[in-house]
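Student: Line by line, the protein sequences give chains A and B. In terms of the working numbering, the first sequence opens at residue 1 and continues consecutively. In terms of the working numbering, the second sequence opens at residue 302 and continues consecutively.
Since the hints were derived computationally from the structure, they do not count as laboratory data. It should be emphasised that the depicted structure is a prediction, and the values quoted were computed from it without experimental measurement. Take the hints with a grain of salt, since some may be wrong.
As the list claims (entries may be wrong) - Heads up, incomplete: computed chain A residues facing chain B, CB under 7 Å, no partners named:
1) Thr87
2) Leu88
3) Asp116
4) Met117
5) Leu130
6) Leu140
7) Pro162
8) Ala190
9) Gly214
10) Phe285
11) Ala287
12) Gln295
Idealized CB from N, CA, C, for every residue including glycine.
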Amino acid sequence: MTNPRTNPRTNPRTNPKTDPRTNPEAGPALAAGAVERHLRARRGTGRGLLMPYVTGGITSGWTDYLRAFAAAGADAIEIGLPFSDPTLDGVTIQRASDTALARGASTRRILADLSDMSNQSGLPDLGVPLVVSTYYNLVLHDGPETFCAALRRAGVGGLIVPDLPVHEADELTGVAAGAGIELVLLASPATPRPRLAEISARSRGFVYAVSLMGTTGERAALAESAAELSGRIRRVTDRPVLLGFGISTPDQAREARRHADGVVIGAAVMRRVLDGAGPDDLRAFLAPLRQALDQECDRPR
Amino acid sequence: MRDVPLWREPVPPDGLMGEPPARGRFGEYGGRYAPESLVEACREVDEAFREAWADPGFRGALARLLAVHAGRPTPLTPALRLSEALGVRLYLKREDLTHTGSHKINNVLGQALLATRMGRRRLIAETGAGQHGVATATAAALLGLEATVFMGERDIERQALNVFRMRMLGAEVVPVTTGSRTLKDATSEAMRHWVGATGDSHYCIGSVVGPDPYPWMVRELQRVIGDEARAQCAAELRTGLPDHVVACVGGGSNAAGTFAGFADTPARLVGVEAEGGAGAARGRLGVLHGCRSLFLQDGDGQITQAHSIAAGLDYPGVGPEHAHLRDLGRARYVTVTDDEAVRAAVRLARTEGIVPALESAHALAWVIRAAGDGDLPAGSTVLMTLSGRGDKDVSTLKELL
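Extracted from the complex, chain A is given alone in its bound form (with noise of 0.2 Å):
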């Protein structure tokens, strides 16, 4: 395992490509929230990291698969907010935030269950960082500062908003900072550099890497854009890299892990939700991730 303080990868101030001192590109070095110091230090001990990803109101005992998910060595959970026209999303999620609406989930009831959650454990978290995703229409709605200040009341750290592109994020950016949200970025395969190198400036908590260009769901192989993808991230930012979109097998995770930080597994999570997996069923399903993530990380480099 590489010493993370000696690693160019994982310190800024060694590697001439991402100190900004060097490169202009790079952007301003700010102090990371807590959700990227979480995501930093885990990484810092060499691991790959896991985000599950679940639809907020899938089921009515729905905040037992964050437990489940944490119990499983998830580093970060990913909590999408069901909307009615999710244009990202393949048929897997949209399924899913379908059956969500039709049981009446809504960011109020989904953000008030994590605030329960929250009580009955008596825990202030689960000691893992949760992030939100959403379509833009839903923060809308509410207005950018009301809906970051729930975010935060219910204790969610992240949020992850796949129809805002950074050019029209400065709306949100500096709302979310001030509500102690930090504003994840995804970048894509058709990301052109400079574009690249402000969304890994600007992102927030991590950078969040479409590993292929087309919605979410399973696939059989991790997308050579992937790697490509990672690559060029990786060269203009030192943030953690998660690489989502169909990634749902250990074998594709250990694959991402050899370009990126860790993976985010979303559809397959779902897939199997909605063919009534309990949450001890995904803890069994995300344990040979997390083991794959694993032994990723015991090879040498």
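Chain B: place on chain A using the hints.
Tutor: Here is chain B on its own, set in the frame of chain A:
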């Protein structure tokens, strides 16, 4: 609900519906709220269209296609018997007489030509009533491109004839089974599909909606309606200008194209929406399908299902420029019911020998109502865009009449 401005004197026209908006913004609306995977594709369309629109070669090629293939210019028809009955002078801009039967062909020929210029070999489209799908299939066939058209399952049932036409023209029609199975869901599906196909495909959006540059690009491509009508009014009307310019609004492309020809005049602009799909009249600020505009939503911010007997008006939002024109008070947006639209369609058929598309019948229904209640003063001149012909709606009408 936001306060809808009452009738105001037209604002100074400087720049209104003219140049491309800065950063794709019409006031607080518009923008490019697209997934990062589509941002570069949008930028490429923007750059290519700006170049093409400034290129006399492109403009000339499009003008020729519009003339020899689409049948432009379309006539301005005085609706003599109906005018006499209503006490206003009604002129119809006859987009129903274009090839494929609606104004949709104007925009699609432009985008198809742009797609070939960009080296794309396939068009992706969404359609509600089927008219945009038919236009896309037609332009694709004409220019040797492939076409994939997404259409809600419910609309496929309602518009069987247009589905057959698209397939006959060689297009692939993909049924969309999610959500309300109408235009909104077909649009979401087309966007999702585009994410995986930006390399070889152009997304040919059918209305003045979507991420920048689509709202203004489609308006520019539909401007031909307003420009022609303006010249025709100048030649045929005693005053040279109509007092009122009326068009139906779903997403709002025929209205945007028509209004663009008159935005710098004192003519009063009226957009007519379906009672159940009134994005401009009753929508709330939101972001959907790539732009910030006015959308019908529930108390939780979920987009609600629109309803209209006219499949082309069955969209829960309105193009961002319409939202801006509404805020400025430069255009007024009103609604009519299914029933009013059906009665208006029958009335036009029996007084003028024209069966209008149910979408266009909405615009006419408002003219009839407004002439009756004095909203249109007696003797005033009204230009109304008849956006399409009613052949596609005969089975719907047959069930009702």
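Student: Flag every earlier hint the structure violates by its number, smallest first.
Tutor: 3, 4, 5, 10, 11 and 12
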